Amino acid sequence: MRVVRRVPFTITFLAILVVAGLATGSLWTAVEDRSWFADVAFGLPSFEDGHWWTPVTGVALALTPVYYVPVLLSFALFVGVAETRLGTKRTIATFAGGHLVGVFGAAAVLFALRAVSSWADAVGAVRDVGPSAGAFAALTAATATLRSPWRLRLRIALVAYSGIALLYGGTLADVEHAVAVAVVLPLSAWIAGPYRVTSRGRPSRREWRLLAAAGLLVVAAVRIVTWFFPADGPLGPTGTDSSSLAEVVVVTVLALLVVRGLSRGRRVAWWAAVVVASVDILLTVLTGIVLVVVYSVAGAEAISDVPLVVSDSVFWLGYLVLLLAGRGAFQVPWRPRTDGSDRDRAVELLRRNGGGTLSWMTTWPENRYLPVADDTGYIAYRRHAGVAIALGDPVSTRAEGDDPIAEFAEHCDRAGLVPCLFSATTPSVLGADRLGWRHVRIAEDTLIDLPGLEFRGRHWQQARTALHRAAREGVSFRLVHLADEPRAILQQVRAISEEWVGDKGLPEMGFTLGGVDEALDRHVRAGLAVDDHDRVHGVTSWMPVYAGEGRIEGWTLDVMRRRTGGFTRVVEFLIVSACQAFRDEGARYLSLSGAPLARADAAGDTRALDALLDKLGAALEPYYGFRSLHAFKAKFRPRYAPMYLIYRDEGDLPRIGLAIARAYLPEATLRDLPRLVRP
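If you count the sequence shown from 1, position 571 lands on 573 in my numbering, and the numbers rise without skipping.
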């Protein structure tokens, strides 16, 4: 009864479908074989005969008994989901309107094309029955009520399915589905009304990678299926000649070789997919030119239809657009860039020499490595806008001297790069001062000393409240290695993170801000807030801070995410619980990390860069809340340690400012710039 009350329209219409099938006998005999089929079925011939009532009479039937299985299942799923998300009244209106739009829109398309297309002429003579166009419309409208990343995933699935079915199948039902999705999708937010989820975000790097990998697999699967089961779509027949077989083999081999690289963001895999897609499109253009020449010389009868290659290239074109739109997510080298070192060597040196609170970020795959101090240390850096941005302090036994920085400057001079150190600490400032370099404070590290820490007194009232609230609601803390957690837990963590990223107004940030992929490193610990039903309410990740000789003296906060609608004080609970757990393990301190572009004091020796960083930080505040995050961390009564940008002279500042913006927003486009500079 709860199901009936929640989806009454879905249940009622499913019953109508079954009753109509029994009454007409179409549950055991194909309705298209009945003498009265032309009087109840819709399509261009029916409308030309003046049978305008057929969209109503044909909606509750299926063409054959076998079709009743997918019709009933798809209607229950598509319309049932829509009714739970949109409500009954909006679902009924969307289903009815979408059904009419799909049926009449398909007839209009076929009517317009049948004079120039043999496919349209053939399909235009067909009649159809069933509610599938309205079901597709209802599900498409319901996508506006979903949060990221499911909203984009479902929309891409709907567009991909309807597009592929139209190009490679081309039945009347395929045309109806494609028209319904194409019309309803841009109107989905308006249709959803108060139920829509407002979001100005875009896919995360992981989402782009998954979409690219899945898209390539779909390309390969489509080519295999169409080679074995040829059809006749709007752009031509899917034949089984030797050339199409060769393409099937090439695409399949390509998918097997690079799909894993795409899922991991490998740059070479992205380039391989881009090149193949571009070559296919280019060959289609050249083929089209040849056909035009042949057409003009030999006459229309020389070309019976557009070849299959055109259909494939339309699909490749859509895939190429996807790759180019998400290009910023594919910056990971096939192997970590070394310049004489690699990540394993960097981890070894970091464990041996020790480093600062951000030093584990130097092991992230986007970094390049420069060996320094006779290969007993390294500087990790990234290249943007002709600038080499070193992250944090040099990892070296001579980190307090000027030698590592001098080696870095010499390397940059040979490579034609502008050197700078971002989020460096006082020892690096002292070394750079001896070289005549300059510095400006850009952030403050927030450190909690753990020995003897007790959450007593009125200053820790909010911390105690979070612990007590968690106990009342059955939420417990677990300190784990995220990679070892069950798949169900990991999927929840990814969903929480993807939702957080997808609801931002700008692209996902990078550089000193990691995500779930970085948290999966087995050197990293994760704090989970989990209730009695194994529902994850929040997650934090903690990067190790090595003191040398393999000894960990502290941990640095990186990922901090909470579930929407979950335990309200989950972030405070996670941080306080981590303090207790790491204190009991013997750690000296926790770093809550410095919120980028957020400073309690902008001390430094240049006003120009202060103004630039303040402007960028203020522009990003509504989307990422760095300054509010800095204020949030203050409630844990940390001590502060300044973090600096170190540079050679003021002449480098314009390029450094651009490089920092690109480092944090590698996927930002020109459309995002107005958001950064708006008053």
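Hints in this document: simulated from the structure, not taken from any laboratory. Mixed in with the good hints, there may be bad ones.
Using C-beta positions, here's what the derived DEER-type ranges look like [to be verified]:
1. Gly568 - Ala636: 21 to 29 Å
2. Leu319 - Arg553: 51 to 59 Å
3. Pro67 - Tyr197: 30 to 38 Å
4. Thr26 - Leu247: 40 to 48 Å
5. Ser280 - Arg474: 23 to 31 Å
6. Arg553 - Leu660: 44 to 52 Å
If you're wondering where the values come from, they're calculated on a predicted model, not measured in any experiment. All residues carry an ideal CB built from backbone N, CA and C; glycine is no exception.
- Query: Between Pro67 and Tyr197, does the C-beta distance stay in 30 to 38 Å?
  - Reply: holds (37 Å)
- Query: Falls inside 40 to 48 Å, the C-beta gap from Thr26 to Leu247?
  - Reply: holds (44 Å)
- Query: Does the Cβ pair Gly568, Ala636 satisfy 21 to 29 Å?
  - Reply: Hint holds: Cβ distance 24 Å, inside 21 to 29 Å.
- Query: So the hint says 44 to 52 Å: do the beta-carbon atoms of Arg553 and Leu660 match that?
  - Reply: Given about 39 Å between the Cβ atoms, the range is violated.
- Item | Leu319 paired with Arg553, Cβ distance criterion 51 to 59 Å | holds (55 Å)
- Is the gap between the beta carbons of Ser280 and Arg474 within 23 to 31 Å? violated (59 Å)
Against the hints set out earlier in the document, violations occur for numbers 5, 6.
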